[in-house]
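Enquirer: Now for the letters of each chain:
2 protein chains.
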Amino acid sequence: MKNHINRRSFLKTTSIAGAGITIKTTAGASPSFLTRKDDRKVNIGIMGTGERGRSLLSLLVKRDDCKVIALNDIDTVVLEKASQMVTKSGQAAPKKFSNGEEDYLNMLQMKELDAVLICTPWTWHVPMAIATMRAGKYVGLEVCGATAIQECWDLVNAYEETGVPCMFMENVCYRRDVMAILNMVRKGMFGEMVHLECGYQHDLRHVKFNDGKSPYGSGVEFNETGYSESKWRTNHSVHRNGDLYPTHGIGPVAQYTNINRGNRIAYLTSTSSKARGLHNYIVDHPKGGKNHPSAKVEFKLGDVTTTVLKTVNGESIIISHDTNLPRPYSLGFRVQGTKGLWMAVNKSLYLEGESEKSHRWEDAAPYLKKYDHPLWKKYEAKAAGAGHGGMDFFVVNDFIESVKNKVEPPLDVYDAATYMAITPLSEQSIATGSQPMPFPDFTKGKWMKRKPIFAL
Amino acid sequence: MKNHINRRSFLKTTSIAGAGITIKTTAGASPSFLTRKDDRKVNIGIMGTGERGRSLLSLLVKRDDCKVIALNDIDTVVLEKASQMVTKSGQAAPKKFSNGEEDYLNMLQMKELDAVLICTPWTWHVPMAIATMRAGKYVGLEVCGATAIQECWDLVNAYEETGVPCMFMENVCYRRDVMAILNMVRKGMFGEMVHLECGYQHDLRHVKFNDGKSPYGSGVEFNETGYSESKWRTNHSVHRNGDLYPTHGIGPVAQYTNINRGNRIAYLTSTSSKARGLHNYIVDHPKGGKNHPSAKVEFKLGDVTTTVLKTVNGESIIISHDTNLPRPYSLGFRVQGTKGLWMAVNKSLYLEGESEKSHRWEDAAPYLKKYDHPLWKKYEAKAAGAGHGGMDFFVVNDFIESVKNKVEPPLDVYDAATYMAITPLSEQSIATGSQPMPFPDFTKGKWMKRKPIFAL
Chain A
279 MKNHINRRSF LKTTSIAGAG ITIKTTAGAS PSFLTRKDDR KVNIGIMGTG
329 ERGRSLLSLL VKRDDCKVIA LNDIDTVVLE KASQMVTKSG QAAPKKFSNG
379 EEDYLNMLQM KELDAVLICT PWTWHVPMAI ATMRAGKYVG LEVCGATAIQ
429 ECWDLVNAYE ETGVPCMFME NVCYRRDVMA ILNMVRKGMF GEMVHLECGY
479 QHDLRHVKFN DGKSPYGSGV EFNETGYSES KWRTNHSVHR NGDLYPTHGI
529 GPVAQYTNIN RGNRIAYLTS TSSKARGLHN YIVDHPKGGK NHPSAKVEFK
579 LGDVTTTVLK TVNGESIIIS HDTNLPRPYS LGFRVQGTKG LWMAVNKSLY
629 LEGESEKSHR WEDAAPYLKK YDHPLWKKYE AKAAGAGHGG MDFFVVNDFI
679 ESVKNKVEPP LDVYDAATYM AITPLSEQSI ATGSQPMPFP DFTKGKWMKR
729 KPIFAL
Chain B
279 MKNHINRRSF LKTTSIAGAG ITIKTTAGAS PSFLTRKDDR KVNIGIMGTG
329 ERGRSLLSLL VKRDDCKVIA LNDIDTVVLE KASQMVTKSG QAAPKKFSNG
379 EEDYLNMLQM KELDAVLICT PWTWHVPMAI ATMRAGKYVG LEVCGATAIQ
429 ECWDLVNAYE ETGVPCMFME NVCYRRDVMA ILNMVRKGMF GEMVHLECGY
479 QHDLRHVKFN DGKSPYGSGV EFNETGYSES KWRTNHSVHR NGDLYPTHGI
529 GPVAQYTNIN RGNRIAYLTS TSSKARGLHN YIVDHPKGGK NHPSAKVEFK
579 LGDVTTTVLK TVNGESIIIS HDTNLPRPYS LGFRVQGTKG LWMAVNKSLY
629 LEGESEKSHR WEDAAPYLKK YDHPLWKKYE AKAAGAGHGG MDFFVVNDFI
679 ESVKNKVEPP LDVYDAATYM AITPLSEQSI ATGSQPMPFP DFTKGKWMKR
729 KPIFAL
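Sequence order for the protein chains is A and B. Just so we're on the same page, our numbering is the position in the first sequence counted from 1, plus 278. Just so we're on the same page, our numbering is the position in the second sequence counted from 1, plus 278.
Simulated from the structure, these hints should not be mistaken for lab results. There could be a bad hint or two in this list.
Just so you know, same-sequence chains aren't split out, so a pair can sit in one copy or run between any two.
Stated by the list, open to error - Straight line, CA to CA, 30 Å or less: simulated BS3-like cross-link-like pairs of lysine-lysine: (1) Lys509 x Lys617; (2) Lys625 x Lys635; (3) Lys319 x Lys625; (4) Lys574 x Lys465; (5) Lys578 x Lys617; (6) Lys635 x Lys568; (7) Lys635 x Lys647; (8) Lys509 x Lys656.
Build the full structure now, drawing on both the sequences and the hints.
Expert: Have a look at this one:
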């Protein structure tokens, strides 16, 4: 039997000595992040220095509590861009690993490396996270959906075998309105949670296709002839039909409903609409047309996928995935309890007994301001200018603080496995005519005793 | 083989002689609505003179093309109220039928009766509609969900045996914004339909409970001690768990997607949240409390029910049922196609290439005005003041006009069966852990040839 790192909030400032912690890495050595002193900066490596990796890197190089000492990407152009960001910030030149797809394993040999951020294409996330845990480096895992349930178990097993934490970098959990609502939920202002909605409703057509030279739009190329995300992400839309990107929705909703911490998802069903958007985009694009090779491709991803979850505590949750059609961006949050509800799309809420007019929507803004989360009040200035409306600052900050304080992250490997599992379960449900799919308990019963820690 | 009434739009003013139409009624006699001359007023009877029946009656007595000649209700108090509405309007006193639950059958013996509006509690709808068709009277059937799929087949069978039309009185199909959007859908402004949402999100706690003397709120009584709807409707929330009231949502959506007219529903899944709202309402009510007898009742109806339908043409449709919690009224429409979408809750739409700002919501109001449906332009003055924002005028008008013109109604028995079937299928899906339920084809293949006629 082994002891895990004590679970506590990263906000507590008491330092812990790491006494009694036994982490079994493949190397057998004690991970450097456990032995580092609080006055030493956290040594970070990044796997994947594309658009997302460099976006997070831009936040890391502004911090005075960490150093980026290693970078990994098979694309030397983006790797060099990233490296220059580090040196321009005044830090020493990081080690670069670009010698083939497996070179990240060599990066993991660096003894002084404390933690690794994984920002690679989706299918690399799990093998890299597992190798990183086995190497004794604290993992920061960018979001995606899994390809198979077994991937989720592999993540959990790697954590349970090594004891090395893996934080799931779900940034939307830190969105300002999302956190204000969490504050209100925890104060009981919505009553007991009953029904929630969320999703990823984002016209990604300009992300899925480009001209092969620049990342967004201006062409209908993808796969071999594409650039950046269109080089790998679009292929999932060709072959897979399911909610490919559920975590921006379920992440926040999991905090509202204490998933893995007193609650868990029991099962889901998923239904997908026809697929029209991507083909139409190619045909209608000035650089496309019906004779363009991309127009011959049959995209299996339904334009709108609707997944309905039921929790063991009785909440129903709708997750929408809608990335192939013209539409305004919306994560579509709805948080409904016995005393009222908030909806993001009309920026409104209704609270029985609190809202002035009976059964009339009320502007949510004054509430979001009044119940602004203490974390946002504290870090507002620092978060200004960070990616995605500032929320990227918070997810990076929580990651670094967790490493520094040698504690479990607020979004851990069980959360990663749970959120990511929605994708293959959604695919399986759709493939079998919306059959309900039982949801694995990745905590193997620990959810009954685990307590909420996110943003507490 | 028999001939049905020719199907054509009620808007055509050419009168048809009824030649070649053979209607087989139980009495064997030719129905009076077929032999009536266009200069004779339509003779109408109403079954059920409660709140809803009298609301429709108030529209009928204003019309100069029909007479209300018979009324049926077991409650003599509301029957007398209705009768006085007729006589006060200057019409002759209607015959009253209140001699027990089967007295409506005696009303159907009236030879001069052309048509019957059925506004009784839900479980009476189908037997009354069938008896009315068999008696050769044109049926106007108020909305509800079925209790069993067989009820839906029974309706269809009665129609196919007798040839007597049955109009489903789904008033929301006639809502002004709903019809303007239908106009835009038919003009192709949203492109090909992909995903739709709708529902019945209406805090009915004040409808489900009252003081036993007046219809809305002011008490927590229901069943024997309740009044009006709480006397019968609430009991469905005690015993049933499913979407009890799907038609206000699916009615309009069925027009957008041509259900039963080139398209049909293939299957559905349904998921229900925990049930808290009704019990909490009783406990918290000044006249309730935890020791009130109503507080001992276990309500099986989940507070929010989510039903997801898939059509054979590939659209996905979400229907929400949300009647037990505090919330603003909303039918939650979303109409999404390959070129853009409309959402009712934020009163906004987005149309690619049309909306001024890329990927930004646009106020729907100017579009709703510009594409106001011709029917609304024509009848706006007459509709003013009619129930539910004027839409009740339209549904009643279509009913009377269909009878007058001896044509099939725009919402017919197949539509009634289809919309009503969602309820028992939803219950079955929920009862079996959200298993997908195949959707019957009530048209038995005729949907492949039937053409849209609603509001055309």
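Enquirer: Could you place Lys578 and Lys617 in one of the four classes (within, between, both, neither) given a Cα distance threshold of 30 Å?
Expert: Answer is between: at 19 Å across copies they meet the 30 Å cutoff, but 41 Å inside does not.
Enquirer: How would you label the pair Lys574, Lys465 (within, between, both, or neither) given a Cα cut-off of 30 Å?
Expert: For Lys574 and Lys465, the Cα distance is within 30 Å only across copies (28 Å; inside one copy 54 Å).
Enquirer: Pop the pair Lys509 and Lys617 into one bin, within, between, both or neither, using alpha-carbon distances up to 30 Å.
Expert: Intra 47 Å, inter 26 Å, cutoff 30 Å: inter-copy only.
Enquirer: One pair to classify: Lys319 and Lys625, alpha carbons no more than 30 Å apart. Within, between, both, or neither?
Expert: Neither. Shortest intra-copy (41 Å) and inter-copy (51 Å) distances fail the 30 Å Cα cut-off.
Enquirer: If the cutoff is 30 Å on CA atoms, where do Lys625 and Lys635 land: within, between, both or neither? Let me know, please.
Expert: Both, since 16 Å and 19 Å are each at most 30 Å.
Enquirer: Reference check for the pair Lys635 and Lys568, CA-CA at most 30 Å: within, between, both, or neither?
Expert: between (54 Å within a copy, 27 Å between copies)
Enquirer: Can you tell me if Lys635 and Lys647 fall within 30 Å by alpha carbon in one copy, between copies, both or neither?
Expert: both (20 Å within a copy, 28 Å between copies)
Enquirer: Can you give me the call for Lys509 and Lys656, within, between, both or neither, at a CA distance of at most 30 Å?
Expert: Neither. Shortest intra-copy (39 Å) and inter-copy (55 Å) distances fail the 30 Å Cα cut-off.
Of the numbered hints listed earlier, those contradicted by the structure are 3, 8.
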